[in-house]
Structures are given as C-alpha cells and as structure tokens.
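Its first residue numbered 1, the sequence shown is counted upward by one per residue in UniProt numbering.
Fair warning: there could be bad hints in the mix.
[What the hints assert, rightly or not] DSS-like, lysine-lysine: derived pairs with alpha carbons at most 25 Å apart:
1) Lys75 / Lys258
2) Lys265 / Lys350
3) Lys350 / Lys258
4) Lys290 / Lys345
5) Lys400 / Lys290
6) Lys273 / Lys350
7) Lys345 / Lys265
8) Lys97 / Lys145
9) Lys69 / Lys241
10) Lys69 / Lys79
11) Lys145 / Lys265
12) Lys97 / Lys76
13) Lys241 / Lys76
14) Lys265 / Lys241
15) Lys400 / Lys265
16) Lys382 / Lys353
17) Lys79 / Lys273
18) Lys145 / Lys262
19) Lys97 / Lys69
Simulated from the structure, these hints should not be mistaken for lab results.
Bear in mind the structure is a predicted one, so any value in this text is a computation, not a measurement.
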Amino acid sequence: MGFFARNGASDEKAPEDQASVTNHSDTAPLSQNAGPNGASSDAPKQGEDNDGPVEDIYLAGNPVITPSKEAIAAKKEVKAFGQTFCRTEGTDPKKHKNIKVFFLGLWDCVNSVAMVERNSPAPVEITGTAHHVRHAVAVDERRIKFRPALLAQDIKTVIKASKKEDTEKEDIREVWFPGNHGDVGGGWPAIPTEMKGWALWKYIFSGTKFKNLVKPLKDNALQMSDMALEWMIREVDIVGKQHPGCHVHWCHTLDAFKNSMKVTKTVEDRIIKGFMHDTLRFGYGSSFLKVFMWNLIETLPGIPRWELNDSKEEKDRGWELYRGIPNFGAPRDIPRGAVLHNSLKERLEKVKKYRPLNDHGSGDPCLWNSEGVADMRDVTYKRLGPDGEIKDPDWDARHKIWQFEDFHAQLARTRTC
C-alpha cells in the first residue's frame, strides 16, 4: 500500500512491511518538530515541540541488545556491499555515508514469518536511515510469526552508538492502532460492521478475500485500515508543509477520501466500531485451512520470539528473546510509554465487547481495568511550519494521540527523586 520512491541507496536492509517513502533531493540537516513516540517517551506537554530522539529508562523496550556473531558478520557484508555499489552523500569516497530517505512510512512492520529459524532476529535498526519515520502498529495481532518489529526496541542502543549529527534531527513516531495486521496495513475487503448467523458461517471455509478480481471494485466503503492510512497521509502532508520543497502533489482521489472520512457517523460505524479480523478464529477473515494452520503454529514449542520483561529492576527490564512454552495466541506486549491513537481509545469506549488482553509484559491487561478504559493522557502537540502552526480541525480531532497516565505518574516520581 502507498507509494515507494527514494533518493538513494542504503546499506541497511529494510524490514518486511508495507511502506511508503517520499523523495528528497537536499541532504542538508533538516529541522523538525518531533513529538512523543514509542521510542522517545519524554513526551512534550500539549502544544510543545521536542527536537531530537531522547532516552527514557522507563520505556520498556530500551534494552541493550548484544548482536550475535552471525549478525555482526552479516552487517559487515551489507556495509561492504553498500560501499562498493551504492551511492553516498558527499563527494569524498573515503567517508562513506548512506543517503537518507526523507520520509519512511511503515504499516505494522513484523519481525519474521520464517517457519524454521534458530533465533528470532532483532529488530532492524531504523535510526540513521530516514529523516522522518512513521510506524503504525496493530494492537490485536496475536500470531507468533507476526510479532511487531518496534522502533522502540533499538532506539537507545543505536543512539548511543550513532554519530550525533546522524540522529539529533530525526523525527521518529510510532503509534498503536486497533485491529490485526491487515486491519492496520490493509488488504481486507470492506464488509459490514458486525456479522451474525449465516453471514459469519459462510466465511468459515472460504474467507473474506475477493474471489473475482476481474470485475472492477465498485465498493468505496470505509474499513478499519483507512484510519491508519489517513494518519499516514496526514503525517506526509504535514512534513511536506514544514519543508515546502518536499511537498507531495496528491492525486485528485484524495479529496474524495478525505470527504468520506469527515462523515462522523460513517467513520464511527465502519472504522471505530468496524469489523475486526482475526486470523486465529474461524469466520473472521481467513479460510478454514489457514486458520487451522495458524493455530497449529501457535501450539508448536521452541519457536523463538521477543517478549517484554516488565521487571521492577531497571537492569532486567526490556525485550528478551524467548523460546519456551508455545505462544497459544497470546497478545502483543505494549511498552508502558507507547503512544496510542485516538481510534483505539474510542473503540475501547464505544465497543463494549472490545477488551484486548495486551499487557506490559506481565500482569493485568493494560488498556482497560475493572473500572473501564485505562486512564490516558492527551499528548497531542502543535505542528509548526514556515508560516506558523499547521492546523486542520478535522484531521487534528481524528488523530489525537494518548499515553498511559500511570506511565507519566511514574516518570514524574522519578524526576522528583
């Protein structure tokens, strides 16, 4: 999904995902208005800007990951290939420096889908590859082979090892959305909000994918993935307004899409309360055989995966490679400092049956409790362009961002100590 164009080559392999990149011809350092993100959780107050990536010891997801010998050797091989065949910034061939992508958009980038592997690879380092990075993450994906490759997992290690000028002006944001992998990245056809009886049973053996791709698609109905798509479009548009020379000239069909997203009732019925797919449940998107296969994989022991250790001890806190008992369809771990999209908060409030079991690595579910939806703090911030604050009331209202209130309370206690 999206568009893919870049202004040079990189010696880092990009993770498997659905991505969009915009072109940029100027390689000079770029100013930006960085906001809170899943990797940088020293969040500015509402209306403030924050420049550059920062560390936070209370964001579970910032461990120092020691690379294996194989990983070091592979990285050297990729670097050597880049130095030999890839274009670089500057004119001095002795000072190899990758050409950075201007805008890199990722929809639910996953760790690995290989069936047999000795170890689950650590997340690919994003820092240093692009000036502006956006990552939309799915809350409700449960498959072990679709564990998220979070940008938050490598930020501390990479910042310490990187050159200051390579990271201090980078703008990285990672936001969590409701839905499974395809409900965030797209790929499912739009179907009614809720299916019951025969409408649900008929998809058990066939799945909900399009059967006849020869016929033109006449249905422009909204679905859950459109919220993450519009968020990404908005981010590209704002960055373009901050840097007019890099502004994207959108297709005329964008206006129709924006107008459809302004219809509050339709957005609530089709997106906020929209049908959520589940590839581990029969009748919720995938065919019988695929659901059976994915559930079988969930019961296999020894498959490596990254799990979040939410230990009270700082030295033990972070992501750990685990290959013990089977996954059994366990939900994804959400870091305490994660940034949550407004559509997730709205779905928790308006869909009574929506009670995801995600936690911070251990303990009770983190998105809700016995009293209702977990307390969240609005961390939406202003975007500044050459002519002042960039405003769009419709977009701004739909794409507010939130963080867990207890995370900020813990952060405040730490600062007073």
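Results of checking the hints against the structure:
1. Under the criterion of a C-alpha separation no larger than 25 Å, the hint pairing Lys75 with Lys258 is inconsistent with the structure, at around 42 Å.
2. Our distance criterion of 25 Å between C-alpha atoms is met by Lys265 and Lys350, whose separation comes to about 13 Å.
3. Restraint check for Lys350 and Lys258: satisfied, since their Cα atoms lie roughly 23 Å apart, inside the 25 Å limit.
4. With a C-alpha separation of about 31 Å, the suggested pair Lys290 and Lys345 falls outside the 25 Å cut-off, and the hint is violated.
5. For the given pair, Lys400 sits about 36 Å from Lys290 by alpha-carbon distance, which is inconsistent with the 25 Å threshold.
6. Of the supplied pair hints, the one linking Lys273 and Lys350 holds, its CA atoms being roughly 7 Å apart against a limit of 25 Å.
7. Proposed proximity of Lys345 and Lys265 is supported: the alpha carbons are some 17 Å apart, at most 25 Å.
8. Straight-line distance between C-alpha atoms of Lys97 and Lys145 comes to about 34 Å, which puts the hinted pair past the 25 Å bound.
9. Proximity of Lys69 to Lys241 is assessed by CA-CA distance (about 44 Å); at most 25 Å being required, the pair is judged violated.
10. Restraint check: the Cα-Cα separation between Lys69 and Lys79 comes to about 15 Å, which is no more than 25 Å; the hinted pair holds.
11. Pair hint Lys145 plus Lys265 does not hold up; C-alpha atoms about 36 Å apart against a cutoff of 25 Å.
12. Distance hint between Lys97 and Lys76 is fulfilled; the C-alpha atoms sit about 15 Å from each other, no more than 25 Å.
13. A threshold of 25 Å between alpha carbons decides the hint, and for Lys241 with Lys76 the separation of about 38 Å lies outside it, so the pair is violated.
14. At most 25 Å may separate the alpha-carbon atoms for a hinted pair to count; Lys265 and Lys241 exceed this at roughly 30 Å.
15. Among the hinted pairs, Lys400 with Lys265 is consistent with the structure: their alpha-carbon atoms are about 18 Å apart, no more than 25 Å.
16. Using a Cα cut-off of 25 Å, the hinted pair Lys382 and Lys353 is violated, with the two alpha carbons roughly 34 Å apart.
17. Restraint check for Lys79 and Lys273: the C-alpha separation of about 46 Å exceeds 25 Å, so the hint is violated.
18. At most 25 Å may separate the alpha-carbon atoms for a hinted pair to count; Lys145 and Lys262 exceed this at roughly 36 Å.
19. A threshold of 25 Å between alpha carbons decides the hint, and for Lys97 with Lys69 the separation of about 24 Å falls inside it, so the pair holds.
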